[in-house]
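Use these hints to put chain B onto chain A, whose structure you have.
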Amino acid sequence: MFGSIAEAAKAAESEGKTIAQVALEMESRDQGRTVEDIRAALARALKVMRGAVEQGLTGDLRSASGLVGGDAAKLRTGPDGPLAGTLFRDVLMRALAVQEVNAAMGVIVAAPTAGGAGVLPAVLLGIARDKNISDDKLIDALACAGLIGAVVAQRASLSGAEGGCQAETGAAAGMAAGAATEMLGGTPMQASHAVALAQQGTLGLVCDPLGGYVELPCVFRNATGAAIALAAIEMSLAGITFAIPADEVIDTMGEIGREMDVRYRETAGGGLAATPTGRRLAKERLTQIRRA
Amino acid sequence: MVSILDIIGPVMVGPSSSHTAGACRLGLIARDLVAGTPETALVELHGSFARTGEGHGTDKAIVGGLLGFKTDDERIRDALTIMEKEGLAYRFEKTTLGAEPEVHPNSVRITVSREHRNHVILGASLGAGRIKVSQIDGYPVEIDGSSHTIVLVAEDIKGSVARITSILSDAGVNIATLRLTRKHRGGDAFMVIELDERPDETVRDAVRALPWVKWSHRIDKVGG
Chain A
0 MFGSIAEAAK
10 AAESEGKTIA
20 QVALEMESRD
30 QGRTVEDIRA
40 ALARALKVMR
50 GAVEQGLTGD
60 LRSASGLVGG
70 DAAKLRTGPD
80 GPLAGTLFRD
90 VLMRALAVQE
100 VNAAMGVIVA
110 APTAGGAGVL
120 PAVLLGIARD
130 KNISDDKLID
140 ALACAGLIGA
150 VVAQRASLSG
160 AEGGCQAETG
170 AAAGMAAGAA
180 TEMLGGTPMQ
190 ASHAVALAQQ
200 GTLGLVCDPL
210 GGYVELPCVF
220 RNATGAAIAL
230 AAIEMSLAGI
240 TFAIPADEVI
250 DTMGEIGREM
260 DVRYRETAGG
270 GLAATPTGRR
280 LAKERLTQIR
290 RA
Chain B
0 MVSILDIIGP
10 VMVGPSSSHT
20 AGACRLGLIA
30 RDLVAGTPET
40 ALVELHGSFA
50 RTGEGHGTDK
60 AIVGGLLGFK
70 TDDERIRDAL
80 TIMEKEGLAY
90 RFEKTTLGAE
100 PEVHPNSVRI
110 TVSREHRNHV
120 ILGASLGAGR
130 IKVSQIDGYP
140 VEIDGSSHTI
150 VLVAEDIKGS
160 VARITSILSD
170 AGVNIATLRL
180 TRKHRGGDAF
190 MVIELDERPD
200 ETVRDAVRAL
210 PWVKWSHRID
220 KVGG
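Line by line, the protein sequences give chains A and B. If you read the first sequence in numbering that gives the first Met the number 0, its first letter stands for residue 0, the second for the next number, and so on. If you read the second sequence in numbering that gives the first Met the number 0, its first letter stands for residue 0, the second for the next number, and so on.
Okay, chain B solo, but in the shape it has when bound:
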């Protein structure tokens, strides 16, 4: 849903809402998937991101997001230097992820790892700082960063959705949307739950304690 505050905003470090602010937000989401600053990252830039990213500070903005800087954090200007000082060596490559209109001209694939966890997101910056994450670890998703979100992978067992929703309702967290996808019947289920409130650590721990949940992460909202 388009919000007035998406249009009059974000407050951001220039020069480009799509190439800088949107890029930063995609970096922040990738960071949340490994729950901290990634030890390694491969950033594959597509289309306009690949062609004009350098001059827009797209590299600085994505690295800024991976380091946890919000769109208005002036440290984004020095993100590459900060990255080097922290001993991090994120890699950038130019690539082609597909053809328009299936793949947005400002698309990026970010592969991150931290503490032996690896995740990969495919996302696009849609303009005005708005973003869409369309894949996580190969599962199709639709995350625009305007809500706090829980993502999890679980074995495909009966009653799994009911169990998770009851944990959330016990914690007083209201569900905005819930989307379940799987690659094939009986395969792992991928759940994306957008929430009205930010769930706290007790929710995370309760979800992770379920024996059939393989992993779960909280993605904080990055806009709206």
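Bound conformation, chain A alone:
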């Protein structure tokens, strides 16, 4: 697989292809599988993503603790805010929906991780519904997102325990931003700027879930991660470029992750998890799980 976004974007531009195409060709060579076979696997992932969104929107899901759940439905039927009826609100709703399913031990696609699984389906499926985009293009977008995630995995990390939330919802925002930019007709370079624009906005983000459980703030971090991805897509498609290349932003994320104190890496030792309320809720939750 490509080791940098720059390499992939260059390969795509010089061959007059999309990042998705060069990603699928590289994956085919690496894994000894046909492009059709890989696309079929991505189509299955897409189906599970859709299923998770639908399940999450029914609104009666609760995590084992009851700490999260039911909020996606509020965005569907709750009172209007300034973004009522927009793609933006729709995307936030979908991100919460997938994460609520995840917290309830439902079936999701880790993309790149389970903790960050809401961002990519929310952004891609939300935009696809709004703009009437075909499943074929969505599958391409998943391949493009996969390549971006693979670069992050090689250069930095995709694990909250290693690199904080910037490595999970941050990476997911970069993947969603790059993939959606290309899906909407952006060039490989625009997709690359979208990755940089999204991930610069999540640098330093800590992983501080209450009790260490993928619930709070994870569910909401997926919604805000999706919002950052939408901002990056809009800026990049408008022709805005980010001066620091995507690969260097990703390297920076890795460096910050390595320097991050262990309290901020999924251990519930710092951040929101260590607040008086965070500690109290986590304790109550564990009692509830043990009782269940």
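There could be a bad hint or two in this list.
[To be verified] Every beta carbon over 10 Å from chain B, so not counted as near; a handful from chain A, in silico: (1) Glu-14; (2) Phe-87; (3) Thr-112; (4) Thr-223; (5) Asp-250; (6) Thr-251.
[Stated by the list, open to error] With a cut-off of at most 30 Å between alpha-carbon atoms, the simulated DSSO-like pairs for lysine-lysine come out as follows: (7) B:Lys-220 - A:Lys-46; (8) B:Lys-131 - A:Lys-46; (9) A:Lys-46 - B:Lys-69.
[What the hints assert, rightly or not] Reference listing, derived: stretches of chain A covered by chain B, where coverage requires no fewer than 3 residues with Cβ under 8 Å from a Cβ of chain B: (10) 40–46; (11) 126–139; (12) 143–155; (13) 198–204; (14) 263–275.
Hints listed in this document are in silico derivations from the structure and should not be mistaken for laboratory results. Values in this document were obtained by computation on a predicted structure and should not be read as measured data. Using N, Cα and C, we set each Cβ at its ideal position, and we do this for glycine too.
Below, chain B alone, put in the same frame as chain A:
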């Protein structure tokens, strides 16, 4: 090698790709070492696995893997209940296996036994469902579960590698990587052979029939 399908995947039961899906995959590998559901298991959780495993269902996921459930099997939710119903009593302990960065924060040691065979693996969940098994029975290995793999212990005799590779080539199974380690010269050799195709039972029987092979197992691929 990182694959797009590792990143867009696995399809899994939540809530955590490292603490649930990766944990399940490590359980599946331990299961394959005893070629079936272990009669006993000791699961020693380290670092973040020990600290936050309970809320992530790490215990359920590892037990699910030991019972043969894949990452997307919804029975993982009820794995502990199923374990009890089957009369199995796997034990969980919290431990410290070493210091970072030598030991990954999401590490686990799983000791399994079935039909008088005992094996122990040391593995880590690296994020996004990716895993690495770094030790089997004390031998250093590097198994990421993305290929079908044969592991075997053999007496350290000349020509052993050639004999095994010819069995595989006769069966039309292509070797992706082959790694040989031993604890000391003349000691037992530990072979890890990653394959492009899943070897069938005839390969297993041919390998096991070699008089100098002490034991061998097939580990099915769990991801990729």
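For Thr-112 of chain A, is the shortest beta carbon distance to chain B beyond 10 Å?
Non-interface label on Thr-112 of chain A violated, nearest chain B Cβ at 4 Å vs cutoff 10 Å.
Minimum C-beta separation from Asp-250 of chain A to chain B exceeding 10 Å: can you confirm that?
16 Å, holds
Non-interface label on Thr-223 of chain A, tested against every C-beta of chain B at 10 Å
18 Å, holds
Given the hint that Lys-131 of chain B pairs with Lys-46 of chain A, does the C-alpha gap stay at or below 30 Å?
Distance of about 28 Å is within 30 Å: holds.
Outside-interface status for Phe-87 of chain A - nearest CB in chain B farther than 10 Å
24 Å, holds
Far enough from chain B: is every CB of that chain over 10 Å from the CB of Glu-14 of chain A?
Fine: 18 Å to the nearest Cβ keeps Glu-14 of chain A off the interface.
Taking the shortest Cβ-to-Cβ distance between Thr-251 of chain A and chain B, state whether it exceeds 10 Å.
18 Å, holds
How does the segment 263–275 of chain A fare against chain B when you require at least three residues with a CB closer than 8 Å, holds or violated?
holds (count 4)
Stated coverage of the segment 40–46 of chain A by chain B [criterion: 3+ residues, CB within 8 Å]
Our answer is that it holds, as 4 residues pass the Cβ test (under 8 Å) against chain B, meeting three.
Distance restraint between Lys-46 of chain A and Lys-69 of chain B, which requires alpha-carbon spacing of 30 Å or less:
18 Å, holds
So is the segment 198–204 of chain A in contact with chain B by the C-beta rule, three or more residues under 8 Å, or is the coverage claim wrong?
n = 0 at 8 Å, threshold three: violated.
Take a quick look at whether Lys-220 of chain B and Lys-46 of chain A sit within 30 Å of each other, Cα to Cα.
23 Å, holds
Hints 3, 11, 13 from the list above are not met by this structure, while the remaining hints are.
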